[in-house]
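**Q** Could you put the whole structure together from the sequences, leaning on the hints where they help?
So the sequence shown is residues 1 to 348, counted in our numbering.
By construction, these hints were calculated from the structure, which means they are not laboratory data.
For every residue, glycine included, the Cβ atom is placed at its ideal position computed from N, Cα and C.
Each hint should be verified, as a subset may be incorrect.
What the hints assert, rightly or not - Mimicking EDC-like on lysine to aspartate or glutamate, the simulated pairs with C-alpha atoms at most 20 Å apart in a straight line are:
(1) 72 / 84
(2) 65 / 75
(3) 65 / 77
As the list claims (entries may be wrong) - Pairwise CB distance ranges, derived in the manner of DEER restraints:
(4) 87 / 125: 42 to 50 Å
(5) 160 / 140: 20 to 28 Å
(6) 80 / 101: 29 to 37 Å
(7) 82 / 42: 57 to 65 Å
(8) 125 / 85: 51 to 59 Å
(9) 15 / 36: 31 to 39 Å
(10) 152 / 90: 51 to 59 Å
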Amino acid sequence: MIFVIAALLWIAVLVPAWTRRREFRAAERNAARLQRTLRVLAETTEVPQEMRLEATARQALAHEKLLRTAQKRQEAERDAELAEARAVQLRAEIRAQQMRRKQAAVQRSARLRRPVVRRVRALAALGALAGLLGALVGVGFAVAGSGAAILVWSGLVFFASLGALVLMAPGRVRLEPIAAEQVAPVETEPEPVAQQIEATGETEQSAAAHAAAQRAAAERIERARALARARAERPAARENQPDSMLLREAREQVARERGEQGSVGEPGGGPADRPDPASRAGAAPLSSEASPAVGEAAAPSVRRAPASSVNAQQRAARERLRQMGVVGDTSEGLPDLDAVLRRRRNAG
1 MIFVIAALLW
11 IAVLVPAWTR
21 RREFRAAERN
31 AARLQRTLRV
41 LAETTEVPQE
51 MRLEATARQA
61 LAHEKLLRTA
71 QKRQEAERDA
81 ELAEARAVQL
91 RAEIRAQQMR
101 RKQAAVQRSA
111 RLRRPVVRRV
121 RALAALGALA
131 GLLGALVGVG
141 FAVAGSGAAI
151 LVWSGLVFFA
161 SLGALVLMAP
171 GRVRLEPIAA
181 EQVAPVETEP
191 EPVAQQIEAT
201 GETEQSAAAH
211 AAAQRAAAER
221 IERARALARA
231 RAERPAAREN
241 QPDSMLLREA
251 REQVARERGE
261 QGSVGEPGGG
271 PADRPDPASR
281 AGAAPLSSEA
291 SPAVGEAAAP
301 SVRRAPASSV
311 NAQQRAARER
321 LRQMGVVGDT
331 SEGLPDLDAV
341 LRRRRNAG
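**A** This is the structure we're talking about:
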């Protein structure tokens, strides 16, 4: 109840006072902002004329600098365009002159390659050869003292023919390179040639995976070897011997049961009800060839006597079926095949 009354008093008294105080502080802040704004406006309106002129002059100077910079940029662009135009014009003029020279050389070469001119060149070549031979003969006559007239005339003929050959030579038409189009070769640094690595199809990851696989295989091999050594060192399981006491007692018990069955079957039945001597003969080697498992199965039968002859026959049949295909102790030699076949026929 006290807390409820305190809450009501707080809502009725403190909340309105807190609201009024908050509104008063907001009004004070707004008034302070308004005063600062008015003060700034007053200072702006009261700026002296000198400061206004100075600011205007600075703005004009900056604007003038910008204009001069833009004008210089435009002039530089205009000069570059004019230089490019003059270079293009000069290149065109040089190319035109070169084409004219080439055309003139082609025409001259075509004229000098006519059949008539070829014949004249052949005659001039022949005259040059004759003049050379005459000069040699004239040298001989001059040495012999006959005079130098032959030598002089031969020399004149040789030089005249040689001049005619030079003048009528067709020559080759060559295209002079244009100076304006020649580009200075740029020296480039030879790039380092990476040595070619023969691809082996393996990377670092594949090599690491291969090494891990090899380690795992080695570990598995070592584990298998350890298991094999432990298995070899483990002692062999004990087995019942063929001539053990339990087996002898089991054989005596089986013989006793079969004797009882024979004595029971003689009064009521004929020869068909008598036990087959072959089966008795086969039972003896069976008991001698029984495995350790047979001994273990026969041990409980020694402790529990059969309730009736039917149960004994069923157990004997089950024992025969269980012994089929079981190879016993072969230390004394292989079993008798006739007995084995006889057991199989009896079981079938």
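**Q** Hint by hint, where does the structure go against what was stated? Just the numbers, ascending.
**A** Going through the list in order, the structure violates no hint and respects every one.
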